[in-house]
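Using the sequences provided together with the hints, build the complete structure.
Same order as they appear, the protein sequences are chains A and B. With the first letter of the first sequence counted as 1, position 339 gets the number 339 in this note's numbering; the numbers rise by one all the way through. With the first letter of the second sequence counted as 1, position 441 gets the number 1017 in this note's numbering; the numbers rise by one all the way through.
It should be emphasised that the hints constitute simulated quantities derived from the structure, not laboratory data. None of these values were measured; they are calculated from a predicted model. Keep in mind that a hint or two might mislead.
In silico DSS-like pairs for lysine-lysine, Cα to Cα no more than 27 Å straight-line [stated by the list, open to error]: (1) A:K463 with A:K485; (2) A:K24 with B:K1115; (3) A:K547 with B:K1123; (4) B:K967 with A:K391; (5) A:K197 with A:K463; (6) B:K1039 with B:K773; (7) B:K1039 with B:K1061; (8) A:K539 with B:K1115.
Number of protein chains: 2
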Amino acid sequence: MPRLRLALSQANPLVGDFAGNTEKILAAAHAAWDAGADLLLTGEMAISGYPIEDLAAQPSFLRAARAAVDALPARLVAEGLGDLVVVVGHPDGPFEPRLLGSSNAPTAIAQNCASVIQGGEIRARYAKHHLPNYAVFDEYRTFIPGDELLVVRIKGADVAVIVCEDLWRDGGPVGRVLEADAGLLLVLNASPYERDKDEVRLPLVTRRAVETDTIVAYVNIVGGQDDLVFDGDSVVVDGSGTILARAPQFREHLLLVDVDPAPAGDQVVPVAVQRVTVEARSDEVGPIARDVAELPDDREQLWNALVLGLRDYVQKNGFPSVVLGVSGGIDSSVCAAIAADAIGPANVYGISMPSRYSSEGSVDDAADLAERIGFHYWVEPIGDIVDVIEKQLGLEGVPAENVQARVRGLLWMAESNRNGHLALTNGNKTEVSVGYSTIYGDTAGGFAPIKDVPKTLVWELAKWRNEFAIERGETPPIPENSIQKPPSAELRPDQTDQDTLPPYPLLDAILELYVTRRLGREDIIAEGYDRATVEFVAKLVDRSEWKRRQGAIGPKVSGMAFGRDRRLPITGRTAG
Amino acid sequence: MPRLRLALSQANPLVGDFAGNTEKILAAAHAAWDAGADLLLTGEMAISGYPIEDLAAQPSFLRAARAAVDALPARLVAEGLGDLVVVVGHPDGPFEPRLLGSSNAPTAIAQNCASVIQGGEIRARYAKHHLPNYAVFDEYRTFIPGDELLVVRIKGADVAVIVCEDLWRDGGPVGRVLEADAGLLLVLNASPYERDKDEVRLPLVTRRAVETDTIVAYVNIVGGQDDLVFDGDSVVVDGSGTILARAPQFREHLLLVDVDPAPAGDQVVPVAVQRVTVEARSDEVGPIARDVAELPDDREQLWNALVLGLRDYVQKNGFPSVVLGVSGGIDSSVCAAIAADAIGPANVYGISMPSRYSSEGSVDDAADLAERIGFHYWVEPIGDIVDVIEKQLGLEGVPAENVQARVRGLLWMAESNRNGHLALTNGNKTEVSVGYSTIYGDTAGGFAPIKDVPKTLVWELAKWRNEFAIERGETPPIPENSIQKPPSAELRPDQTDQDTLPPYPLLDAILELYVTRRLGREDIIAEGYDRATVEFVAKLVDRSEWKRRQGAIGPKVSGMAFGRDRRLPITGRTAG
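Here it is as structure tokens:
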């Protein structure tokens, strides 16, 4: 049996930062080599970051990516790493456009590739066959599909290379890898986190390993990129379905594992396969420890996703700090706790902005939160400003309530403008779904940490975070009162959310069916929900689309987030 | 020679309004029948409107569309129109999903179809082969491609049916129609307006007609749908390249034309073709007049596109009126004139909101504009409100300038909330490109009429609109002073835009290269532009992406509009 030591580089790239991403690859190559690895495998598009969206249609971007890839073999040699086999993900182009459309159409001119580097040369290149063009993915828009398999012979083993979606499709390259009888399948991925996705992804990897009787080495990138959070969770599974190695979620990690793929045979298979043979290191290497991370509890995973999504948005965009309004309510309390976990409480600025309708309790709860977490906190009453506006315009009712929310937004944006803080907006998914917000008011901000977390789950998260603190002997960050009290926008006397909206458990149940599962009104009513409530909720969702289009981005953590995951018209009748 | 009288229904559908869209088709069928037509041809997706985006992934929506199509044959018979051949565009589904992705992925379950109805039955159905998935189109995301051609024999002529993109692709169905030797090609379209697109679309139709020696009947929908404006401009061209009929742009029209396609032969062609024979009317019909509209001047076309885009957004979404800030500057003046042309000056509400930095001239120019156009106008000074905020927060400099802009946005949003007006935001494409705006301030609003019109073109449009008025003996709407004076945000004393930005002609030239043509910085510098200016502009464009994501929609009128036409990350380095 050939024995190969693999190093899977679960790294956090920055889109377009070719120099920085290259340094990460070189650092991983050094660590891999020092640990005795034969082969280093990076994530999908490790050179460029992922997703690059329409940057893939910009020739200058592709030329820069190509220059970075072309420079890598010599860099590896110069650093004494020439014998290491490096399989690196990158875009390749520009090629002649695939599509013929109207004049300015951004036709696909690139491929999504993996290159095999060894001995100072690029020895082979594989282009992704299956281009996901659903959910958040637009790869058919930006990439030309590949049509040739790649099998690399290393130490007498046949090692196949594919990219991400190629693994997911029945009848795709994986089936043909079986025909080519490779003993090891390397899969480069950029697969974003979703709640419960580990319940889909690991079984898929395992199924592929078992059905092809092949060792599958699956490496995923990690990190936040706009509204996506890549969770890592790279894994190596053998043909019996046993997990040989697994990287922790949500952080960079070099996963080392020894594998014993079946020796290469002499099959001649009727598929287009590019075959190359590369050398591997021949020195003796010592043993390595078994590295199999345990996945934490679902709520901890979700919390970690939200923390990393915010941290990377802040850090990758160069913000020193964040500012947010803290009302004493559950949403802003959870956002403040996420922010403190992401970038430290010293970089978090929270403003309490009471109006004449704010209860004493609210300001107390906000102050309590600030003290528990230790972020910068001050009170900025809005009464005088609101009074001047209401009097000048003669406003009352909902338009006057909107003014309160907009004055608050104006105040934290002023702090953002003055001090360079990123402004956070605290709306949860339930609010965003039904438009229970004032646009340009509470929706103002550059990032929305919990926009994909329904209200009922916000409460659960708050409770979990407090329990997590207690288990570790720390102060629970969220005041119990903020968890227990009835939610209120506090824009008029004695207001609660339930004056306007159905109870949150019912509302979230209907939204799950209407938004996530795309059921029509009648379908939902047929499941036993009250007709009037369903029609009310669906109407609110439909008519809030224009607000959502102007909303801040925030981390996608569900199977159906607002944004590019769900593309619906503003104008029109969507009833059905 | 067989003679067929065609009626092309250039109609304005509303997305999802199956009942209303059906009534439009029936009305067109009546008019067509009364005019002696053999065949009525609708636009692409006439039953559902276009684009339906992810509604195509919602089974209840598809079931409603199918019910509307299935009801049509009997409706036609009931109205005495059973002998008319009706070729109608619609989505069809739900089918089994095409893609296998992660669990909640919105896989394609629909086709983009044209059905042939006659004698109370659906006689045949064609599914679009080529699914545009570039620019603003996501059809590969939402539709399953068809793989069979359709040829309908009517009065001894073979009539082929295709849909939109099928015409554009070399090597697509059009080539195979040539093999099938049809004498007439019917093309159902939903092709949005772009400046200068008539210089691409008509030559394409003509080229296809000539290269296949076939009469091509090309019908396009008309109307605004969110950020798209469909211009109609339906046309019939014969095999010699002669225009037999052409509908006017930007309004509904039933285009009638007599055509004499070559008689059907007996070809047996090696492609999958569904062939049906349908009856046509046998009564004598009188002659019809030649109907060939002239295209107006490019600036008039553009103005009409902006007017229709705004009108349909207002009317299809049920707004009674619009409100906007009028500063006396060129952008707000042009927006007010567009609004008045779209929905009448009686439905336009303009607010002048001077600050301490506003010149007397600005308020005078705004008042002059209001008087010329005749919209509702009043002055709402912002000084008292801004003073309270600045004092409470101790603001100065840019953060204080932003407060002025945000107080203005707050005021027109309050009017919007109080009276149900749609709020307009007046930013032009140049501003939107470089982020020369205050988010939640001047960008506040539901619709941005000129967001795809560069500043230099805004001036041209203003001049054109005034000349157009003068030619017709009307009052020019835009004050000459608003056109002539140096542009200024008037947020500090003696400010002009050119304190901060390069001169607009230079800026727009660089933006054309960087945004529309996707050139990299070095590419632009190589064309002779100053390095520092190019780098400054490109940096402004890159770092404004987060603002654009939160911007209002507005009509796409260029080959590269912001929005779904240009999908770029916020986070990352895009230099190249």
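Verification of the hints:
{"no.": "1", "hint": "A:K463 with A:K485", "result": "holds (14 Å)"}
{"no.": "2", "hint": "A:K24 with B:K1115", "result": "holds (25 Å)"}
{"no.": "3", "hint": "A:K547 with B:K1123", "result": "holds (14 Å)"}
{"no.": "4", "hint": "B:K967 with A:K391", "result": "holds (18 Å)"}
{"no.": "5", "hint": "A:K197 with A:K463", "result": "holds (23 Å)"}
{"no.": "6", "hint": "B:K1039 with B:K773", "result": "holds (23 Å)"}
{"no.": "7", "hint": "B:K1039 with B:K1061", "result": "holds (14 Å)"}
{"no.": "8", "hint": "A:K539 with B:K1115", "result": "violated (41 Å)"}
This entry does not satisfy hint 8, going by the numbered hints stated previously; all others are met.
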